[in-house]
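Residue 22 is where the sequence shown starts when you use the numbering used here, and the numbers rise one by one after that.
Hints were generated in silico from the structure; no laboratory data involved.
Computed from a predicted model, the values in this text were never measured in an experiment.
One thing to keep in mind: the hints can contain errors.
So the derived label-pair ranges between C-beta atoms look like this [stated by the list, open to error]:
#1 I102 <-> D304: 21 to 27 Å
#2 Q266 <-> I102: 37 to 43 Å
#3 P252 <-> V45: 47 to 53 Å
#4 A324 <-> S158: 21 to 27 Å
#5 P312 <-> R245: 16 to 22 Å
#6 T319 <-> P252: 17 to 23 Å
In this text, a Cβ means the ideal position worked out from N, Cα and C, and glycines have one as well.
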Amino acid sequence: MQSEYRVAIVVLPNFTLLALSCIVDTLRLANRALGREAYRWTVYGLHETVAASSHVSILPDETLAGAHDGEVDIAIVCGGIGGHLYNERPLRAWLRDLDSRGAIIGAISTGIWQLARAGLLDSYRCAVHWDDLPSFSATFPLVEVRSEIFVHDRRRLTCSGGVAVVDMILYLVAVQFGIAQADSVADLLIHARIRSSDEKQRGTAGSPQATPRTVRRAVTLMERNIEVTVPITEIARDIGCSTRQLERLFTEAFGMSPKRYYDGVRLRHARKLLVETDVPLSDVAVQCGYPSQAQFATRFRTAFGKAPLRYRLHAHR
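Go ahead and model the full structure; you've got the sequences and the hints to work with.
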């Protein structure tokens, strides 16, 4: 069994500071629990100073240009707001080189876009944050997207983000040094329960405690049927309630009818496709269930105040 691991953490611009803290502090406490330096990490940035999404700037240990100088057992790319916009050729080349040398390649939140663009997730299962699922799956059809909090598939380790990063690193500690050591680290973190990789994210239908189960089931059906929309009467029948009851429940939960909420689901999906992909406008309309590009443009302008093309151009400035 390997006794020491060298970890490279790449922080992209606007990375999530929480993710970096969860990695570093969990590894630090793993070293404390093990009584030795089992994990050694280096933080790399694309530039000498990198600003997090919380507007806190950090000084990485090295820039990516120096990443080729040392051996790496585990590489983790930390993304955040706008992480899908970065497409750094040196980063892709470095990740492919590490993969060829047998390293574990990982990513958190929108860091997965960098792995996917490098071709390192084709035919792999990958954890994707629920808010990124539509645009990521549309952009990378060869990747098996999953809604679990994190996924370990062969030498790929991906995490949806947030505090699930702690669970992923504790899982890594358990695999490499045993569950007893992982439990000790969890105790130091006051982390009551280590969640497993088969646990689902719970963000697609809003807060589970905030809306009735019937409404959550209806929302799930809507989110799964965007391109080919399902009549509200059919949704009500599928979840075992009357159309009138569903209307009342949606009004109480969201202050709007199921039809209007469904339109919002489709339009939010369209907005993500416009901002995060290069899918043509005509295809965006089709993928969001609109019979014509003109109708889609009218609905989108009403909802967001700009025509789809103008919205895309503004987002990419």
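Results for each hint:
1. I102 <-> D304: 21 to 27 Å: This hint holds: roughly 25 Å between Cβ atoms.
2. Q266 <-> I102: 37 to 43 Å: 39 Å, holds
3. P252 <-> V45: 47 to 53 Å: With a Cβ separation near 50 Å, P252 and V45 satisfy 47 to 53 Å, so the hint holds.
4. A324 <-> S158: 21 to 27 Å: Taking Cβ atoms as reference, A324 and S158 lie about 22 Å apart, which means the hint holds.
5. P312 <-> R245: 16 to 22 Å: The hint (16 to 22 Å, Cβ to Cβ) holds, given that P312 and R245 are roughly 20 Å apart.
6. T319 <-> P252: 17 to 23 Å: At 21 Å between Cβs, range holds.
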